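Whole structure, please, built from the sequences with the hints as guidance.
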Amino acid sequence: AAGVIQSPRHLIKEKRETATLKCYPIPRHDTVYWYQQGPGQDPQFLISFYEKMQSDKGSIPDRFSAQQFSDYHSELNMSSLELGDSALYFCASSIMTGGGSPLHFGNGTRLTVT
Amino acid sequence: DQQVKQNSPSLSVQEGRISILNCDYTNSMFDYFLWYKKYPAEGPTFLISISSIKDKNEDGRFTVFLNKSAKHLSLHIVPSQPGDSAVYFCAASGGSGGSNYKLTFGKGTLLTVNP
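Going down the list, the sequences are from chains G and D. The first sequence begins at 1 in the working numbering and counts up one residue at a time. The second sequence begins at 1001 in the working numbering and counts up one residue at a time.
Do not rely on the hints blindly, as some may be mistaken.
[As the list claims (entries may be wrong)] Below 16 Å or equal to it, Euclidean Cα-Cα: the simulated EDC-like pairs (lysine to aspartate or glutamate) are:
| id | chain 1 | residue 1 | chain 2 | residue 2 |
| --- | --- | --- | --- | --- |
| 1 | D | Lys1005 | D | Asp1024 |
| 2 | D | Lys1054 | D | Asp1084 |
| 3 | G | Lys13 | G | Asp85 |
| 4 | D | Lys1107 | G | Glu17 |
| 5 | G | Lys57 | G | Glu75 |
| 6 | D | Lys1005 | G | Asp42 |
Note that these hints are calculated values from the structure, not bench results. Since we're looking at a predicted model, the values are computed, not measured.
See the structure below:
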């Protein structure tokens, strides 16, 4: 079965550079979520989109922005990178139906800021 | 403030025995609970979930129990297999301030099943 695809898998950037992470949700999923997981930490919710509109916002820095495109893929743009941005970034997708909807996660993008 | 707590960072059990992973939550608005399994270098994989209107959900070797009054849930794996060795995250959704579907995670429990 098709899963959530994230690219790139690994990314190395220097301080103050910019980075773009991409996420391709499972076909027919209409909601995308972005999570950040620091070393030894639980995944922290950053932002979500439903039908190309931002649906919720978590602990996302102002230096980060994201959007969901007409084909439902999403991009997380990160500017003025800091050492503390080094983390694993997960994208997840789901169908926004009534009741609980399990999120399906991609394998993540490991960002290293040097 | 950690709204979903997994107080055991690690758990080790023998193959064939029961594994019990525990999770506590503080936000009474949570109404849906999930368990995810995560292997190194992979994303979390959905395992099993339970709605707050139930107190038990079973799927093969995996059973989740929910005690709403205690704000506690647990995942039972019987019998445990070496391939179950992974980090298990408890997650909850619902609550105020936005989408009912964003998840709040615990810090995870590393389960090791010894052959």
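A quick look at each hint next to the structure:
1. D:Lys1005 to D:Asp1024: Judged against 16 Å, a Cα distance of about 5 Å means the pair holds.
2. D:Lys1054 to D:Asp1084: Roughly 25 Å separates the two Cα atoms, so the pair is violated.
3. G:Lys13 to G:Asp85: It holds: about 10 Å lies between the C-alpha atoms, which stays within 16 Å.
4. D:Lys1107 to G:Glu17: Violated, because 30 Å separates the two Cα atoms, which is more than 16 Å.
5. G:Lys57 to G:Glu75: 15 Å, holds
6. D:Lys1005 to G:Asp42: 10 Å, holds
Against the hints set out earlier in the document, violations occur for numbers 2, 4.
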